[in-house]
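Asker: Residue numbers (the numbering used here), protein chains in the order written: chain A, 58 to 354; chain B, 124 to 283.
None of these hints come from the bench; they were simulated from the model. We put the CB at the ideal spot given by N, CA and C, even for glycine. Wrong hints could be hidden among the right ones.
Unchecked claim - Some chain B residues judged to face chain A by a derived CB distance under 8 Å, without partners named:
{"id": "1", "residue": "179"}
{"id": "2", "residue": "184"}
{"id": "3", "residue": "217"}
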Amino acid sequence: MYASEIDMLSPRSLLECLYLLENEKASFRLLAGGTDAVVRMKEGKWQHDYWLNLKNIDELKFITIEKDEIHIGPLTTHSEIISSPLLQDHADVLVQACREVGAAQMQNMGTIGGNIGTASPAGDTIPALFALGAIIELTSITGKRQVSAEDFFVGPGKTVAFPNEIITKISFKVRGKHDIGLFQKLGPRKAQSISIVNVAISLSMKEGTKECLGGRIAFGSVGPTVLRAKKCEAMLTLGELSPDMISNISSVAWKEVMPISDIRASASYRRDMASALLERGLYRLIKRWADNERKPF
Amino acid sequence: MKTIDFFVNGTEVSVTCSPSKTLLDVLREDAGLTGSKECCGKGECGSCTVSMNGLPVCSCLVLAGQVHGENVITVEGIGTPENMDPVQQAFMDEGATQCGYCTPGLIVSARSYLNSIGHLPGLDEIKQALGGNLCRCTGYTKILKAVQTAAQSQLTFRDL
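Turn these sequences into a full structure, and let the hints steer you where they fit.
Answerer: Next up, the structure:
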């Protein structure tokens, strides 16, 4: 079959889409922004009978806040996340990650649900969702289930989602005034690049000090899935995050990652850069925290 | 085969094609608008950039079945040889084009960007906005200069 002969179904509502997922016997693929899916179709990697075009399902496009939880619809584009005042205030790490996705064209097309569903180990929004402790909601015609971002990915391109399920919501707790976050990416060039290593950091700080009460660190592109650096996280609360302490924490990072050598970089380079990126990230984050507090510690 | 109705440069067009045909191919083959170019076909180079509902997208990755009812502006809809857009005029004046293959994409990206802001952009802002458009001949100095010039003339015009 030629790529251009693949037919397309465009459901208008979530229910219609779920019904198609459940009952469609022919092979199909989900299509959201198309920035990955269409490339795979052109490369001949995907030879399916139907595209299930999600673009017309307006009920999957939203950014809302309910009590202390933020909900993002999977069809929300990276541009919409970047320009959302709500997310700028409450999920800076995710906004920064979306800014690092491709360039303007990719940010306008690509969706957060697509980035999750593609499950690339180098997906930029995924470490940010790990750092935020996000919950991903999967819906099928028979019901819903919630999976934490950390349990969602099982390997490159593989997730726990069944073929009859789609992502319907991404939720996380609102960040407080003392929660700070940062996303760092190393790519071959600034724009339009795939991560060699990326890291998302989210810290809860103690007011007026450089002490951290707890935090999450997630590395991307250095393993089969995005990885949480739990040893580094445990060290965050050992004492004031001074430059020495930051350097100590970062020196452990290479133990946490298990990169491969590929077309973009070698494993040993990635290991070194994971440490460097974490050190730089923590340093910048603490500097920003101190500057905002405007108090000498 | 499906019939898809959408707007190109303000005119409604109706094409009958496979829904998996790319928007770029539809524009070039069915609508006869050969300004947008195919280069990498993977959304890395930006040669195929068109504006969809005001936002620049890579038309080589948009499928025809997804554009029903959408408003697409190509480089042909930005200006004509007799009546050029400030961005196009600035590209001419600054000599920001060599082989010309990336130019339509750059013009669309620059136009969309200048439409979205109301201030005089700095060099870094322009670089960020045009990050998805690659040029392999001229280097970017003249292109960036041209967009700055266009932004300046646009602001001057607005203040008149």
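Asker: Determine for every hint whether it applies to the structure shown.
Answerer: To see whether the hints hold, each was checked on the structure:
1. 179: 5 Å, holds
2. 184: 5 Å, holds
3. 217: 21 Å, violated
The structure does not agree with numbered hint 3 stated previously, though it agrees with all others.
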